[in-house]
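Undergrad: In case you want the letters, here they are:
Protein chains: 2
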Amino acid sequence: MALPTRSLLRRAIHQASSLPPTIKEQLGIPAEDGKIVKTHGFVKSIRKSKNVGFLDLTDGTTSQELKVILRTQNQPKFQVGQSVSITGEWSRSAGKGQDKELRYDPENPRHSYQIIGSVPDDYPLQKKVTSMSFLRSLPSLKHRTATIASFYRLRSFLEGQMLQFFNTRGFTKVSPPIITSSDCEGAGETFKIAKSEDFFGKAAYLTVSTQLHIEALAMALNRVWTLTPCFRAEESNTTRHLSEFWMLEAEVCHANSLEQILSLTEDMIRFVTQKLVDSKDEYLRGVYFDPAVVEGRWLSLLGPRNRWHRMTYIEAIEKINAEHQARLKFGDSLSLEHERLLARDGPVFVTDYPQSVKPFYMSKSANFDETHPTVACFDLLLPEFGELVGGSLREHEYETLTQTMTRQGMSLDEMEWYTDLRRNGTVPHGGFGMGWERFITYLSGHDNVRDVIPFPRAPGLCKA
Amino acid sequence: MALPTRSLLRRAIHQASSLPPTIKEQLGIPAEDGKIVKTHGFVKSIRKSKNVGFLDLTDGTTSQELKVILRTQNQPKFQVGQSVSITGEWSRSAGKGQDKELRYDPENPRHSYQIIGSVPDDYPLQKKVTSMSFLRSLPSLKHRTATIASFYRLRSFLEGQMLQFFNTRGFTKVSPPIITSSDCEGAGETFKIAKSEDFFGKAAYLTVSTQLHIEALAMALNRVWTLTPCFRAEESNTTRHLSEFWMLEAEVCHANSLEQILSLTEDMIRFVTQKLVDSKDEYLRGVYFDPAVVEGRWLSLLGPRNRWHRMTYIEAIEKINAEHQARLKFGDSLSLEHERLLARDGPVFVTDYPQSVKPFYMSKSANFDETHPTVACFDLLLPEFGELVGGSLREHEYETLTQTMTRQGMSLDEMEWYTDLRRNGTVPHGGFGMGWERFITYLSGHDNVRDVIPFPRAPGLCKA
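Order-wise, the sequence lines are chains A and B.
Residue numbering for the first sequence follows full-length UniProt numbering, beginning at 1 and increasing consecutively.
Residue numbering for the second sequence follows full-length UniProt numbering, beginning at 1 and increasing consecutively.
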């Protein structure tokens, strides 16, 4: 008996070891009439006429569906939600937005199909549009819907673009800790780990922000960024808050002016948004809201051609008071409504907030005024949305920092690891933090951060 | 008065908004004799002779140092650890491994220097090689040493390469939850969140593995991966364990044979290791161990040209018994010593372990034998190291899965979200998990996972 040739052997190994192609891969190659292909996916919808049936298959790798034409009077009994495999042949398609379809004919001996996973009769994800609140009740199946899956693909895409942006700018991606013994950043209520005193020898918490830790890393690697889970134990039941969320934080050395941090923030958001606009065919398809509205949000970040508007907090309250009959005084917080007013015409950086409402680590404003003491910080506000990013220059002088900490009643002992950075070759530095789910929510055209993270955690909510 | 030209204006804005160049950027452009440059960094070492001083500057962006020559009898009083800025001029260098150096001459009016951050006399990171155990006692400063910083740059590089690998294979990166109500994966002891019953309405824990959750996401997006923190509350005080670590997990649909998961694992590791070999100038410089040994580890992953060895658990215990006078019986666990013996000649996949020692979700081996029941799983073992990756095919049939769960006394109610995946269009699938710090440790030539994560957490250890 002749031995199989080398190329036959290689093909056999390849078949045993490789995964079947995804629908994205199959739709990505040019149509070749009559070519036999085997495809795998979920049945998303079914339409029938007397002699022909139409099936949409999806596998979640793309927003596009693979169209199957069933050329038979005795059509197989497909059901929405089944996972199936269908072997048929490509046919160039006249349909809009698709260049080919799969034809299945039971009388063709080279065609076949298989129901891999059946569904019960009450399978919840039927073709009819299902409401977000209904989907939220399905913690393991909701991910298969076009809308929810499109959030995840967008999220994954944007993370890749962020990586590219920070690579080109010479940043190192770092992994700050989730469990921390610092409870004093003041960013919010913390979750405590049960029996942490027994295990770690001290109380330990889930981090509310990685900033203090990545400051230490920035002062070793010059420019760092991270995308990590953060946790807030607040009783905030809103469409803008999660108890567990991801935060993108960046910290850079040798920053002497707040403008350097604003520019970095703006460059970053413009970079990834431009990449999104360049890929709009994929990411505008199947979105929940009107695609024109979604693209409008993207374009609002890219225009005007110049830079986003900058205004100080003092200018901001003067504007609100003048135009909206408000009576804000220096030191008052801006409400969500105020933030949206300020960003009515486009993204805006509001800078230099009162020292009294900001954390201990921010450095004084460049034009510090004792009568209205402010710090070198900013919030980035977006139209119809509110705050997306917050950042500041950090106080890098040991004496100034520790004086503020003492005045605020903080323990210098516990924070020695942090203040040590200022005693040993300190460097002017600054950075920012951006709620990752807020960013995804804004760019997806959606209005609720709970739907862009697969398993949302909030007060009273911890499914699966 | 003439208005400034457009290009002058643009340059003024650029200067106010951009960060000064990093040392990596400055070393990356060709030397231009006599060009004036301003550089920023930490003083890493100082050598002096009568008329000339030598200074090494580092800013953590690269393993290379910027060499400064101080052309003066009255040399400025630099100290190791200071953060400084020096303005001087480039000079082509005759030194090995560097093509230029910065010359500073105090009599040249265009040259200048500034001590940005001073150091106390007891600054701990002196030029003399400091031991790892000493560095571990410096939670905020250790990151500035060449070795520790090289671990972080390697870590960041490898994450980028992973992203590229998974992108080319059509994977979506996903964000499974950290806080989970599932306590039953059996992978290890869990940390519980204090008062979680009050906050979430149920007990909540920190995840030990995201596998169960990413199974749900794979069965929506086809191929998913994640790199997320995981937590184990075990009293393991070893060089291979952390209480908080990052885990790379991947899950794919339409996997019918274990070989598909092995190939994916091997392809992934070969891909990123090849990228590392291609960048070896940067990543072999400044490593803690002998660079030849480190490169040896890399090359052991890339060779032999064929594929890594595969053997079943039964073959493995036979081999150990025959060659090493052991008396292992079917069902016994392999010790770390056994694992290292098996991988003596190169990476090896050990497959098909006894069902009795593996979790409920693994499906039966392809050639299942009732007398020696095994499951379709594997461990990847590395020379001198032991286990790096574990994976399996998952049981995708509802009846089989729930029978196993019932037999093991698990609550079907609590796990309904998971078993639901098998009732609603189930798909054969599988995946793997890799300890990220173990991978970094292996590739960096190091031997302790605690040094490749910036703020390690372990029993009794939670600094900063």
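The hints are simulated quantities; they were obtained by calculation from the structure and are not laboratory data.
These figures come from a predicted structure and were not determined experimentally.
Here a beta-carbon is modelled for each residue, glycine too, at the ideal position from N, C-alpha and C.
Among the clues, some could well be false.
[To be verified] A few chain A residues facing chain B, derived, Cβ under 8 angstroms: (1) Leu19; (2) Lys50; (3) Val52; (4) Gly53; (5) Gly60; (6) Gly460.
[Claimed, not checked] Cut-off 27 angstroms, straight-line C-alpha distance, at most; resulting in silico cross-link-like pairs (DSS-like, lysine-lysine): (7) B:Lys35 to A:Lys195; (8) A:Lys275 to B:Lys275; (9) B:Lys319 to B:Lys364; (10) A:Lys319 to A:Lys280; (11) B:Lys202 to A:Lys202; (12) A:Lys280 to A:Lys364; (13) A:Lys463 to B:Lys202; (14) B:Lys44 to A:Lys195; (15) A:Lys35 to A:Lys48; (16) B:Lys35 to B:Lys24; (17) B:Lys202 to B:Lys192; (18) B:Lys463 to A:Lys358; (19) A:Lys463 to B:Lys195.
Undergrad: Against this structure, judge whether each hint is valid.
TA: Status of each hint after checking the structure:
{"no.": "1", "hint": "Leu19", "verdict": "holds, 6 angstroms"}
{"no.": "2", "hint": "Lys50", "verdict": "violated, 28 angstroms"}
{"no.": "3", "hint": "Val52", "verdict": "violated, 24 angstroms"}
{"no.": "4", "hint": "Gly53", "verdict": "violated, 19 angstroms"}
{"no.": "5", "hint": "Gly60", "verdict": "holds, 4 angstroms"}
{"no.": "6", "hint": "Gly460", "verdict": "holds, 5 angstroms"}
{"no.": "7", "hint": "B:Lys35 to A:Lys195", "verdict": "violated, 60 angstroms"}
{"no.": "8", "hint": "A:Lys275 to B:Lys275", "verdict": "holds, 25 angstroms"}
{"no.": "9", "hint": "B:Lys319 to B:Lys364", "verdict": "holds, 23 angstroms"}
{"no.": "10", "hint": "A:Lys319 to A:Lys280", "verdict": "violated, 36 angstroms"}
{"no.": "11", "hint": "B:Lys202 to A:Lys202", "verdict": "holds, 25 angstroms"}
{"no.": "12", "hint": "A:Lys280 to A:Lys364", "verdict": "violated, 42 angstroms"}
{"no.": "13", "hint": "A:Lys463 to B:Lys202", "verdict": "holds, 10 angstroms"}
{"no.": "14", "hint": "B:Lys44 to A:Lys195", "verdict": "violated, 42 angstroms"}
{"no.": "15", "hint": "A:Lys35 to A:Lys48", "verdict": "holds, 24 angstroms"}
{"no.": "16", "hint": "B:Lys35 to B:Lys24", "verdict": "holds, 17 angstroms"}
{"no.": "17", "hint": "B:Lys202 to B:Lys192", "verdict": "holds, 11 angstroms"}
{"no.": "18", "hint": "B:Lys463 to A:Lys358", "verdict": "holds, 26 angstroms"}
{"no.": "19", "hint": "A:Lys463 to B:Lys195", "verdict": "holds, 17 angstroms"}
Violated hints for the displayed structure, listed by number in ascending order: 2, 3, 4, 7, 10, 12 and 14.
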